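Student: Each chain, written out:
2 protein chains.
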Amino acid sequence: MAPKKKKPVKSSQPELGFDASAPRQSKEVATERTSFSPVARRIRTESNIIRQKILLGDKPSMKFPVRSLANVSYNPKAGHFVLKGKKKERTLTVNTVKTFAQTLKMMSLSKELIETDDIATKREAYYVSKNWGDARFNEQPESDTVMEDVEAFFSVNREQLGFVPEEKGGDVAGRLMIIDHDRDTNEELHIDCTRFGSGSYSIPISVDALTFETDAQFILCIETAGMFQRLVKHNYWKSANCILISMGGVPTRACRRFVRRLADSHGLPVYVFVDGDPYGYSNIYRTLKVGSGNAAHLNEYFCVPQAHMLGITPQDIIDYQLPTHPLKEVDIKRANDALKNDPFVLHYRSWQIALEQMIKMGVRAEQQALAKHGLNYVIEEYLPQKLANVGRFLP
Amino acid sequence: MAPKKKKPVKSSQPELGFDASAPRQSKEVATERTSFSPVARRIRTESNIIRQKILLGDKPSMKFPVRSLANVSYNPKAGHFVLKGKKKERTLTVNTVKTFAQTLKMMSLSKELIETDDIATKREAYYVSKNWGDARFNEQPESDTVMEDVEAFFSVNREQLGFVPEEKGGDVAGRLMIIDHDRDTNEELHIDCTRFGSGSYSIPISVDALTFETDAQFILCIETAGMFQRLVKHNYWKSANCILISMGGVPTRACRRFVRRLADSHGLPVYVFVDGDPYGYSNIYRTLKVGSGNAAHLNEYFCVPQAHMLGITPQDIIDYQLPTHPLKEVDIKRANDALKNDPFVLHYRSWQIALEQMIKMGVRAEQQALAKHGLNYVIEEYLPQKLANVGRFLP
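As given, the protein sequences belong to chains A and B, one line each in that order. Letter by letter, the first sequence follows residues 17 to 411 in the numbering used here. Letter by letter, the second sequence follows residues 17 to 411 in the numbering used here.
Think of the hints as simulated: they come from the structure by calculation, not from any bench. It is possible that part of the hints are untrue.
It does not matter which identical chain is meant; a pair holds if it fits inside one copy or across any two.
Cut-off 35 Å, straight-line C-alpha distance, at most; resulting in silico cross-link-like pairs (DSBU-like, lysine-lysine) [said to hold, decoys possible]:
(1) 146 <-> 93
(2) 146 <-> 402
(3) 344 <-> 114
(4) 376 <-> 146
(5) 93 <-> 402
(6) 102 <-> 349
(7) 79 <-> 254
(8) 138 <-> 349
(9) 138 <-> 376
Computed from a prediction, not measured in an experiment: that's the story for all the values here.
Chain A with its partners taken away, still in its complex shape:
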């Protein structure tokens, strides 16, 4: 691999002197995919600056945003956590030489991935480094950290650098045409999510190259695979004119990014249907809506600010006389933690009321509890009644 990408850059204009006409295997792919190229250009620019400093006998350095909660604030307008701007500097010295070299090698790997329209998981990137001689990583957490540094350095998400998460997740059915491309022929592929029968479309690890056509009214994100399967089995998306998305628990990055891009592209509201318990609220819904605390530099891309909570709300448990389970200790702790520390919950009075109500009731209810009134009560009664009052959804 390494030999392919070595391209000596000779120019009298270091900052701009990269070869913009360098051959790109993915040159002719669709517009969405070539939108990656600005990142490759920035990698060339930054590495050229470093190269020139070295040639001039200067000590090169790189500045990275500090990635910790201390450098983060909640922006209610943007709908997610944002970085405050604190930076750490890495200057090339005897002590930092290995990390510095690793950072440059990681940038170089990213450039190669972009230019060949390829991808690498964190784990693969770690193993690729085994061929970097003295710059190789000994443990994967080391290479993960450097990858995150590079990500934050360029203020882009990992997927734009060609790095993708290990895990997949998220299934789709309903009124949606997904447009992808065949890598070999560059043919446009129209993937019709109304024609999967009992099956569905599985969201790929990287979704930034996809585009969408839809006349749906909304997106419905569902916690459990079982409930998703019921709605798919009964073609619920037909009567409700919507797109169904199975999150299968806490949504993966790819799933969140997919929902976000889809919702943005057609101005669609996103309704979320989870178990009525603190895990469904705090871990699943909140992660989808505002992102997670320990990846604040990425939430911009992976949050879905247009999401609203359809149910199961604590009030639903009363209104629909649902069978319940008592709250476990971990549920109560989770709810109290959210009430005390979660900037999102602290921002919304209605969420505080809901969580306090649940703690007071001492019970939780699963999505499937609606089956007490008949297996398809959820389709025939619950969802239509709730959707008639979207204004009452939790924020």
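Chain A is fixed; fit chain B onto it per the hints.
Tutor: Below, chain B without anything else, positioned relative to chain A:
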């Protein structure tokens, strides 16, 4: 729900006197789906027998196969564990009246599911029982047990009774056309797995109604989503003329059933590509091939006897000079357990040699370790080399 299904059966021929012309909502659906109807017929027959006994003043009883490892043997020819035939009898008495009633209600729910072409997860079935008056279940494990009794009673898999697992899992890409039906219009849906781009087909919870068209040479089952995504991204299925299936760890029931039905329908060999560690061998590969120990009455449907282990073998770690991790204590324990207790491993000398070799080497290697030689070494070198010698795959 309940009122719909009550159909008083009046006949002088109790064993055969059910109304075979009873209206079935799903009457006109495809052949595969109506293949469920024999089960509905058997439910009617059995409940008629019980009803007649009660009317005659006799004590009705039901016989269930004992579901434990003590009632199981390994059948190398069939390729899975089989029941020995020990049975337990449940006679209607004062003590058993509640369980007896619950069993009949569960059979009735199953009959309704089949006749309306619907499904219920274990969890939904539990909640449906909340409307059964005194026969309602207090905890879900109780209803799960009764469901498994019914399953074993009729010697069919749960899916044929309309009961489906909670979890989904398994993605598909490559040279395969899946044929499903639109529930409303009964239109045949042709789902072309060569046209998903970077995405894939997500296997539904219940796969017994699907049929297949393919000219692929083999099925390749892959442990990790990341490796699957790499092979999909590079259209590996084109050059290798195969079908790619992502198991995402230990394969779900639906995934195993899908692979089995697909392999059976076209006589395809199944090759399995997992991490080179005892978990990949014992938990993932072995579960796919011969089923799991505690569901012996189901393995017939959920095992894939035609599966063979492509890699990563312990020998691959040496031959390909892969970067390794030391075996953890849990790995060594798992390997030793398999060598001592697993009837499958005890049957195959070559598996014993492989596990002993791994314990001796003291290391394991991940699928992604091949990236040491370049990200696409797996596509360009490893898989072609291995596939040129399928005779050497582990059994």
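Student: All the hints need checking, so say for each whether the structure fits it.
Tutor: Hints and how they fare:
no.: 1; hint: 146 <-> 93; verdict: neither (44 Å within a copy, 44 Å between copies)
no.: 2; hint: 146 <-> 402; verdict: between (55 Å within a copy, 23 Å between copies)
no.: 3; hint: 344 <-> 114; verdict: between (48 Å within a copy, 29 Å between copies)
no.: 4; hint: 376 <-> 146; verdict: between (55 Å within a copy, 24 Å between copies)
no.: 5; hint: 93 <-> 402; verdict: within (26 Å within a copy, 55 Å between copies)
no.: 6; hint: 102 <-> 349; verdict: within (32 Å within a copy, 47 Å between copies)
no.: 7; hint: 79 <-> 254; verdict: neither (51 Å within a copy, 44 Å between copies)
no.: 8; hint: 138 <-> 349; verdict: both (33 Å within a copy, 28 Å between copies)
no.: 9; hint: 138 <-> 376; verdict: between (43 Å within a copy, 29 Å between copies)
Consistency note: the structure conflicts with the earlier hints numbered 1, 7.
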